[in-house]
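Kindly generate the complete structure, drawing on both the sequences and the hints.
Protein chains: 2
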Amino acid sequence: MRVIGVDPGYDRLGVAILEYDADGKEVVIFSTCIETDKKSSLNERLFTAGSSFTKVLKTYKPDALAIETLFFNQNQKTAIGVAAARGIVIFLAQQYNCLVFEYGPQEVKVALTGYGKSDKQGVMDMVARLVRNVPEKALDDEYDAIAVATTCLAVNGRV
Amino acid sequence: MRVIGVDPGYDRLGVAILEYDADGKEVVIFSTCIETDKKSSLNERLFTAGSSFTKVLKTYKPDALAIETLFFNQNQKTAIGVAAARGIVIFLAQQYNCLVFEYGPQEVKVALTGYGKSDKQGVMDMVARLVRNVPEKALDDEYDAIAVATTCLAVNGRV
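Sequence order for the protein chains is A and B.
Using the numbering used here, the first residue of the first sequence is number 1, and each one after it goes up by one.
Using the numbering used here, the first residue of the second sequence is number 1, and each one after it goes up by one.
The hints are simulated quantities; they were obtained by calculation from the structure and are not laboratory data.
This structure is a prediction, so every number in the text was calculated from the model and none was measured.
C-beta atoms are modelled at their ideal positions from N, C-alpha and C, and glycine is treated no differently.
Estimated spans, in silico, between C-beta atoms of each pair:
#, chain 1, residue 1, chain 2, residue 2, range
1, A, L99, B, Q106, 39 to 45 Å
2, B, G104, A, N97, 35 to 41 Å
3, B, G104, A, E44, 16 to 22 Å
4, A, D125, B, K117, 56 to 62 Å
5, B, T78, A, G24, 39 to 45 Å
6, A, S40, B, E136, 40 to 46 Å
For lysine-lysine, the following DSS-like pairs were computed, each having C-alpha atoms within a straight-line distance of at most 30 Å:
#, chain 1, residue 1, chain 2, residue 2
7, A, K61, B, K58
8, A, K61, B, K61
9, B, K55, A, K61
10, B, K77, A, K77
11, B, K38, A, K77
12, A, K55, B, K58
13, B, K61, A, K39
14, B, K55, A, K55
Have a look at this one:
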């Protein structure tokens, strides 16, 4: 199973393609952080982000989308933008034949560290230990995309 | 200018295609309310709604999308779903070469009735008087889509 993990946003959209390698280890095939122009309108940024995301889907043809459940703890304007970006990602992934898997933040922590209250650094340390080919320097959004994709592989097992 | 007005939702998505006819009157070319299956998951419903909306874009090739500005006064779960559906509509409209126009509820009221505090019935009465080919019986979502498309035509004038 090839999984595309996404940390959705209209400003930065973390994307990671993961699968199991021949040794049964999770490996990053590709990852990036799609960034959009601050000077553009929200609607233009949503379009740019969605278009770039479509290119990744077309190139890597994942079988599943892994994405975190959305909770609103931001301000209303940010929340609307993130929910919109997330909706676009979920729509496009299904258009390109992905199953959609959602995980809460706790599920990601448990899958990676065995403990639901790990901090961000603890999760990232485990990602670096468990997963092959994790980029050394990347934005948080890209690491979060790798973490949720790893969760999806761990939960579904080797298919 | 041909406008597609949308009242976004994952449960019901009101859609209306309007333009000026030869007499300079706003006319409904097509309108519908896309409804999705209550028994399906939110993500499936977003996909169904977006796919049906794509068909309308392909068939009627509008130049502009008219959509209401989103305010969150619903519960959080509904709000996430509506914001997601709205994001998908805004993305797809741009993919099919539409300009995007957003209007607040007050702008719609002023454009149609000349008064920012009209009630829903007042707006609907003016829609029925101003616009040709409005369906006699339709769900609110469909009328709201006609109202926001009419606003877009009125604001932009005859192009």
